[in-house]
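*Asks:* In case you want the letters, here they are:
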Amino acid sequence: MAAEFWTEQALARYQGIALIDADRELSYQALNAEISSCCDWLNSLELNPAIAFLVMEHSLTSVVRYLACLRTRVVPLLLPVGMDQTLYNALLETYRPALQFISDKEVVVDRQLASQCIDPELALLLSTSGSTGSAKLVKLSTSNIAENASSIVQYLHITARDKTYCNLPLSYSYGLSILNSYLSSGATLVLANKGPLDKAFYQDLLDYEITSLSGVPFFYQMLHRTGFFNKEFPSLKTLTQAGGRMSEELIRKTYQYASERQIRFFVMYGQTEATARISYVPPLRLVDKVGSIGIAIPNGELSLAEDGELVYQGPNVMLGYAASLADLQRSSPKQAKLFTGDIASVDADGFFYIVGRKKRFIKLAGLRLGLDEIESCLEAKFDHEFMVTGVDEKLDVFFVSATKPADIHALLFDMFKINARFVALHQLTDLPHTDNGKKDYQKLS
Amino acid sequence: MEAKVKSVFMTTFNIDEDVINDELKYSEIPQWDSVAHMSLIVALEDEFDIMIDTDDVIDMSSFKKAKEIVAKYLAG
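Residue numbers (our numbering), protein chains in the order written: chain A, 1 to 445; chain B, 1001 to 1076.
No lab work stands behind these hints: they were computed from the structure. Note that this is a predicted model, so its numbers are computed, not measured. Cβ coordinates follow ideal geometry from the N, Cα and C atoms, glycine included. Fair warning: there could be bad hints in the mix.
Here are the computed distance ranges between Cβ atoms for each label pair [to be verified]:
{"id": "1", "chain 1": "A", "residue 1": "432", "chain 2": "B", "residue 2": "1029", "range": "32 to 42 Å"}
{"id": "2", "chain 1": "B", "residue 1": "1071", "chain 2": "A", "residue 2": "337", "range": "53 to 63 Å"}
{"id": "3", "chain 1": "A", "residue 1": "40", "chain 2": "B", "residue 2": "1046", "range": "51 to 61 Å"}
Sequences are here, hints too, so could you generate the full structure?
*Replies:* The structure is reproduced here in structure tokens:
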């Protein structure tokens, strides 16, 4: 069993600075004290057990609340900043939280919704699409969180001397996994809502002497386009990439920069359903394994089902999905295996390669988006039939009516933060259907 | 030139003309986020047939700056 890094004893082992945000910094000792007082406040509300909505800013306040929830019997659903109000309200309706941390400054308590019966194993809820806040949630246990953090610490060799820059959303499993793994190692995290397009980002890397950076493929595209690979950052030791397939060209470019400077570059693969991380390519093997998702993380196991679907097994596999309040109340049968929905192959050295998708979802700029969800949202709004397909980095929307393209683009942006650049609209005279009346996606391609 | 830059802003961000003025800054409206910024760079390069340097990708932090930077490249 991996250690629960959020406990008082675990955090008390470390002396250094735990967290830095735009306003202040906290030592591990001070972090411990702030979590304890937040726990006291939570306990005084006598809500336990309860569901909480927690909007995760890049701030100490948000992180303290998250850790306090893990220590008490409050189960947080982590949500992104700036979420669409309609989606937020739909979640409210479905899960009826007793507590809402709407922002660092705004908290709503509804005691009438407290003391719900909640699965005792349930500790954390994440949305399957970390950035849009889909109503379908992933249920995670304390053991899921502790185990995945511990596996990540092992293969990335994170130590108390590390100082990472965390600008990924903390409601997103990849961003959260950085918080969890660096805190379990006694390292320092700089929480910032800045990226390569902000001048201050580059200054921060130098000023804080950052040792590691993590990002989705789009982050690396921005690094490339803003001249990162022509600059020197003497403290930098580790780069990690996850959140979708990165182009081989960009992997090679990043690898070249990294290897010339003794920086380890990790290409990784994961899913929220596995808390975050599933596999990684050991940096020394990357040069021969470009395009691979690598090997399973420590304590995990990858295999292929008969139809070629990638199957993961490990202590970080979720408790199950939730689509209703009732799903939070019952304990799910323990899932031994996670069927990833990706079709894969494996080479003679045991390295896995994704070759296709079984499920209907795509990744745009690192965001995972359910095609069915987008489709039903368009249909609800415009009241006629849509078909949505796509491959990574491109969304195809098929429709028949005279809906204005600008209205479709506006909806896709407001609800899902999809930029028009990634969308191709196709107006057809008819949408194809199968004999039994189902939408026929095969005919579209 | 200003009209062309404005039109690129309108189509890339899907915003109305009256939102665009010299004070419009990166990340101050939801439509101008990092993804949109990268699209903007590509769209301006296509529109004016220029290659924007890495430093200018970061410097282009307002509508005013965008016009100045494009003008610099057009002056050659």
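*Asks:* Does the Cβ distance between residue 40(A) and residue 1046(B) fall inside 51 to 61 Å?
*Replies:* Holds: the Cβ-Cβ distance is about 58 Å, inside 51 to 61 Å.
*Asks:* The hint says 53 to 63 Å between residue 1071(B) and residue 337(A); measuring C-beta to C-beta, is that right?
*Replies:* 59 Å Cβ-Cβ, so the 53 to 63 Å window holds.
*Asks:* Has the hinted range 32 to 42 Å been met by the Cβ atoms of residue 432(A) and residue 1029(B)?
*Replies:* Holds, since residue 432(A) and residue 1029(B) (Cβ atoms, about 38 Å apart) stay within the stated range.
Violated hints for the displayed structure: none, as all numbered hints are satisfied.
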